[in-house]
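Number of protein chains: 4
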Amino acid sequence: MLKVGLLGAGRIAAVHAKAITAHPRTDLVAVSDVFTESAERLAARFGCSVRSTAEIIADPAIDAVLIATSTDTHSDLIEQATAAGKAVLCEKPVDLSLERARACQKAVVAAGQPVMIGFNRRFDPNFSAVKSALLNGEIGKAELLSITSFDPGPPPVAYIKVSGGLFRDMMIHDFDMANFIMGEPPVSVSATGSSIVDPEIGAAGDIDTAVVTMAYANGQIAVIMNSRRAVYGYDQRLEILGSEGLLQAQNMLENTMVKSTVAGVTAAKPTYFFLERYMSAYEAEWAAFVEAFEANATFPVTLADGVAALAMAEAASQSLKLGRPVKIEEVA
Amino acid sequence: MLKVGLLGAGRIAAVHAKAITAHPRTDLVAVSDVFTESAERLAARFGCSVRSTAEIIADPAIDAVLIATSTDTHSDLIEQATAAGKAVLCEKPVDLSLERARACQKAVVAAGQPVMIGFNRRFDPNFSAVKSALLNGEIGKAELLSITSFDPGPPPVAYIKVSGGLFRDMMIHDFDMANFIMGEPPVSVSATGSSIVDPEIGAAGDIDTAVVTMAYANGQIAVIMNSRRAVYGYDQRLEILGSEGLLQAQNMLENTMVKSTVAGVTAAKPTYFFLERYMSAYEAEWAAFVEAFEANATFPVTLADGVAALAMAEAASQSLKLGRPVKIEEVA
Amino acid sequence: MLKVGLLGAGRIAAVHAKAITAHPRTDLVAVSDVFTESAERLAARFGCSVRSTAEIIADPAIDAVLIATSTDTHSDLIEQATAAGKAVLCEKPVDLSLERARACQKAVVAAGQPVMIGFNRRFDPNFSAVKSALLNGEIGKAELLSITSFDPGPPPVAYIKVSGGLFRDMMIHDFDMANFIMGEPPVSVSATGSSIVDPEIGAAGDIDTAVVTMAYANGQIAVIMNSRRAVYGYDQRLEILGSEGLLQAQNMLENTMVKSTVAGVTAAKPTYFFLERYMSAYEAEWAAFVEAFEANATFPVTLADGVAALAMAEAASQSLKLGRPVKIEEVA
Amino acid sequence: MLKVGLLGAGRIAAVHAKAITAHPRTDLVAVSDVFTESAERLAARFGCSVRSTAEIIADPAIDAVLIATSTDTHSDLIEQATAAGKAVLCEKPVDLSLERARACQKAVVAAGQPVMIGFNRRFDPNFSAVKSALLNGEIGKAELLSITSFDPGPPPVAYIKVSGGLFRDMMIHDFDMANFIMGEPPVSVSATGSSIVDPEIGAAGDIDTAVVTMAYANGQIAVIMNSRRAVYGYDQRLEILGSEGLLQAQNMLENTMVKSTVAGVTAAKPTYFFLERYMSAYEAEWAAFVEAFEANATFPVTLADGVAALAMAEAASQSLKLGRPVKIEEVA
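Residue numbers (our numbering), protein chains in the order written: chain X, 980 to 1311; chain U, 980 to 1311; chain V, 980 to 1311; chain W, 980 to 1311.
Extracted from the complex, chain X is given alone in its bound form (with noise of 0.2 Å):
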């Protein structure tokens, strides 16, 4: 049994804690989180006890570490994670700073101990149905892709203010599938942007609306578009243009049926939201990081992946600001 800490014990750990403990080859230690109440909380559903991040971290008997706290402690406890010799799971992004990531990926190699970013949008059944097909040369060489990703309405203006803005908050994970499918990170982005949505969000100094453009080495292309809101639900599609052919990853419905009146033909709207959408992606995720862990081989999504997605967002907002396109190498 693979014995886990997690760190963290808001939403989104919730939904990790869920994973752990169905994992038949995974037991949940311990949760820690800032507000005691949240690991209580947490700790009483799972079976699992609460302890410090410190407490959890010098534990020899815990073998693994779940990172789900706030973005600005990732790099932190990544570091101090690896260095007490825990295989680690982190959320995305890795940092807001991209500075600050590459220091941690530096920190985290010298400690040899294997990272693992929290992307789980590649172990959705539908993106990684894509990413075999492509692999499997059923439509010939990637030449085109195209990913949509629409939230359902926007977060509070509070949180966008902390949130690194939609490139690295949002964008980033498009950034993430845009590497998982083309196989390659680009050589420049090229990035569009407004506040439509909400001018508050304009007035915090984000965008709520996204269009960017990537060039790659041998001539392919991807484009990702982004708004924070689309009032039908969450919309996660991509498609990916090859010279034999298209594939296409089109949402899930809340259900099939299709009702037939004097108004049309109306059928559900996508599943609502990252928890339903992606709850079988973030079971997959753990999966993979378990079977990884205990072969010993490499994480399917690593720091790498991180620091990379990481810098494709920079690049974005660079520039957005300089109204040119930016090369990956110019932030490197």
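Everything labelled a hint here was simulated from the structure, so no lab data went into it. Heads up, a few of these hints could be off.
Repeated chains share a single entry, so a pair holds when one copy, or any two copies, can fit it.
What the hints assert, rightly or not - Pairs of lysine-lysine residues, derived as DSSO-like cross-links and limited to a Cα-Cα distance of at most 30 Å, are as follows: (1) Lys1306 x Lys1120; (2) Lys1085 x Lys1120; (3) Lys982 x Lys997; (4) Lys1300 x Lys1120; (5) Lys1085 x Lys1306; (6) Lys997 x Lys1300; (7) Lys1085 x Lys1140; (8) Lys982 x Lys1140; (9) Lys1306 x Lys982; (10) Lys1120 x Lys1140; (11) Lys1306 x Lys1110; (12) Lys1085 x Lys1300; (13) Lys1085 x Lys982.
Use these hints to put chains U, V and W onto chain X, whose structure you have.
Leaving out everything else, chains U, V and W in the frame of chain X:
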């Protein structure tokens, strides 16, 4: 906590064991099976004890019994468990003999203990969305129901021989679905059937392809189409035409990927077989059992529902033999 | 150029006039109608002369006659036109009386002139794609056919009274479709029907909702579902299960727009009624008539096909009356 | 009757000839072409005379001229025809040179004769349904438009060399579609492109794959994706996200057949290429021209629209060359 004893340790019993242990307010206490090894395997996996069926039924600390044994034992076990004061959830069908099922029904009434029959499809989110929309009046008054229900492939002929035949073994689910959607039993049943999938099924005295039409008191009509073989997967759909529209429950697909090549536009196949398609339905079924038990309310599927579906299967058998429609009252 | 005389100048005659004039190798020469005004309007629109039916049939310069008059005149006109040496395309049904249709069939054989019956749905690109795929063996051997055929709304009761009833007037198309897809007539027909859309239809001695099941010599089964009212439009679908798969022909929609809002995901309704849905089928039907005429080949839909469909309608009527399946040979 | 002269007798001219002759209130009088044989073939097929371009333009009995010649003659012919008092429908693009197109625009204003540019896609029932729904406010305020427009395969490199390049030859349609949907031109255009479909296209100085992002005055964004090759057919879709929902125009399919086998669930491919996909759009375009002409109203697509799309193509070319976004006013 509701203490639960599980009778049977086969494939479907394991599905129920998973639902019982996952439910926050129910405890799987013990399991029994004629094959001790099966019981031990299940007990090890879900952390409960192995006992004899008699011990489980006699244990006053056990509140409820879930019957997932072979069909020929259902009636006896229902009677014993209710006589011992247990709440019962029993897999379908109640019995292969309509007469025996009716005797069981009488005994249960005498015992005064509630029994729920495991017509799990009523809890499928797609079919229950149709039922809700119908109850909401979204398509007016129901007029014409059509149920398509194909298995991916026929079971072994050895199973066919003891199954009670297609109507009692397979279409029994669809008879109950018709009762669920229409809200009342039909007046008469007219069956057409043949053995074209596998001549050995015909040699065993059964059919593998059937269409059953049902007429209702107020002129409504329902039709059920069954085949033991749909090579593309498990085909489970229905549609109901009403005075103000049509409701359809379509298949769930393995994933949402669509591939377009010179060969055409290809989507995933339906989720394969009942364990995959109806997994969430089994969980919802158990939750509904627990909720009704706790609220001392009528179960959402009663023993009377099980007997009603069996009567329709009996009428269909006679219709096929006699070559004419058979009234439900003829088999009463 | 094939010189064509058109008998009848109503709505369906205008559809044919359009196909005849648009065809590069056919000329609409003359039209007749009991209502002279209708004939004049059609003649003005399509640039042909108005004559009496007798004149058209007698004119040696006219090669072919298209009969689009009221049903009660079909048999007489077929006999007169073939006796006069014309090739004939006649709208369905051949007659309301099976006996009269058979007499007509004899007369036509005696005249030695080919007659095609206007079962236009055989030329619908969707249904003919299913037929082609079936002939190509793409789903193996056919086993179970289901046809859904709902009109958007019932015709006036005055029309119902002279229509010959749902089986001869509406389901006649579906009987022919079953023959087209299955490639042979059924052995027996079993009908269930009622009047729930409009009680006045019942008062007029007809039904508005019906399910007919058909059994074939080698165990195949077909089922037809008809309703006079589908408020969401003209619902024209079929599906056939074979030993190696399923083929479905789905509805054509008014357009491909999909709207997603908080209310759900809404697509367009089916194309409204037969003029829209089957316009291309009427053109393809006429092209097939001309091609067969020019090649001196057998028409793709013969008078025998018309009589076969009528026999099935007759058997369905008797089945509904007698409350039992009726063999086709019983009505022969 | 509107008397029409057709300049050009190639493939697209034949499409227009069909629409002109099928329209109840227009007459195709004459056709001209530099290849006399082509003109004679078209004249024979549609029943009109062959004349020189000069004769057609000079004939006072001809009310309107449809220009379907090669692009390099468009501006000259527009100027000659309007100077001669004809109403003009000219195929896109107005010219390959933005400067020349603007000079033509001035000459036309001086002539005072209305000119319509043949952006036929505005008349596609699917795209126009999107436009109508947007105007109806069905998804609130438009925010993010995405256009997918892939050809089935690249044209010969010989054609590419004289085409004016992907932006002026192919994406010009999508620039106009963006203007149609958004109702205003963008402020700036940012292009990414490469030659990965066929290196010979790159050698000829053109690209075959491109993504163009456009920013609007009020923060809206549009993105166009083009590829010269989608082996599964002609891929013509768009979607627009608004404050209250999403509108999508999806591909039209060759038929509605769906085949389910062990290999998956397969539907038909998109209708092949523009003649099939946009045939009804060409007819609707001509009807709109005639209606506006008869009502003395502004044409639904003006010469200014043609110049606006060309300016966007010019800006995209410069953006690709300069490696930065280009403002529309920079090319003015």
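Here's how the hints hold up against the structure:
For the homomeric pair Lys1306 and Lys1120, the shortest alpha-carbon distance inside one copy (24 Å) is at most 30 Å, but the shortest distance between copies (34 Å) is not. Within a single copy, Lys1085 and Lys1120 get their C-alpha atoms no closer than 34 Å, and across copies no closer than 47 Å, so neither meets the 30 Å cut-off. Taking CA atoms no more than 30 Å apart as the test, Lys982 paired with Lys997 passes in both settings, with 14 Å inside one copy and 22 Å between copies. Taking the closest pair of Cα atoms, Lys1300 and Lys1120 come within 30 Å of each other only across two copies (26 Å); inside a single copy the shortest separation is 34 Å, beyond that limit.
Only within a single protomer do Lys1085 and Lys1306 lie at most 30 Å apart by alpha-carbon distance; the minimum there is 23 Å, versus 43 Å between protomers. Proximity of Lys997 and Lys1300 under a CA criterion of 30 Å is satisfied in neither setting, with 41 Å inside one chain copy and 53 Å between copies. Taking the closest pair of Cα atoms, Lys1085 and Lys1140 come within 30 Å of each other only inside a single copy of the chain (29 Å); across copies the shortest separation is 51 Å, beyond that limit. For the identical chains of this complex, Lys982 and Lys1140 are neighbours neither inside a copy (36 Å) nor across copies (50 Å), given an alpha-carbon limit of 30 Å.
For the identical chains of this complex, Lys1306 and Lys982 are neighbours neither inside a copy (43 Å) nor across copies (58 Å), given an alpha-carbon limit of 30 Å. In the homo-oligomer, the alpha carbons of Lys1120 and Lys1140 lie at most 30 Å apart only across protomers (26 Å), although the nearest pairing inside one protomer, at 41 Å, exceeds that limit. In this assembly of identical chains, Lys1306 and Lys1110 lie within 30 Å of each other by CA distance solely inside one copy; the values are 26 Å within and 37 Å between copies. For the identical chains of this complex, Lys1085 and Lys1300 are intra-copy neighbours only, at 29 Å inside a copy versus 39 Å across copies, given an alpha-carbon limit of 30 Å.
Only within a single protomer do Lys1085 and Lys982 lie at most 30 Å apart by alpha-carbon distance; the minimum there is 26 Å, versus 53 Å between protomers.
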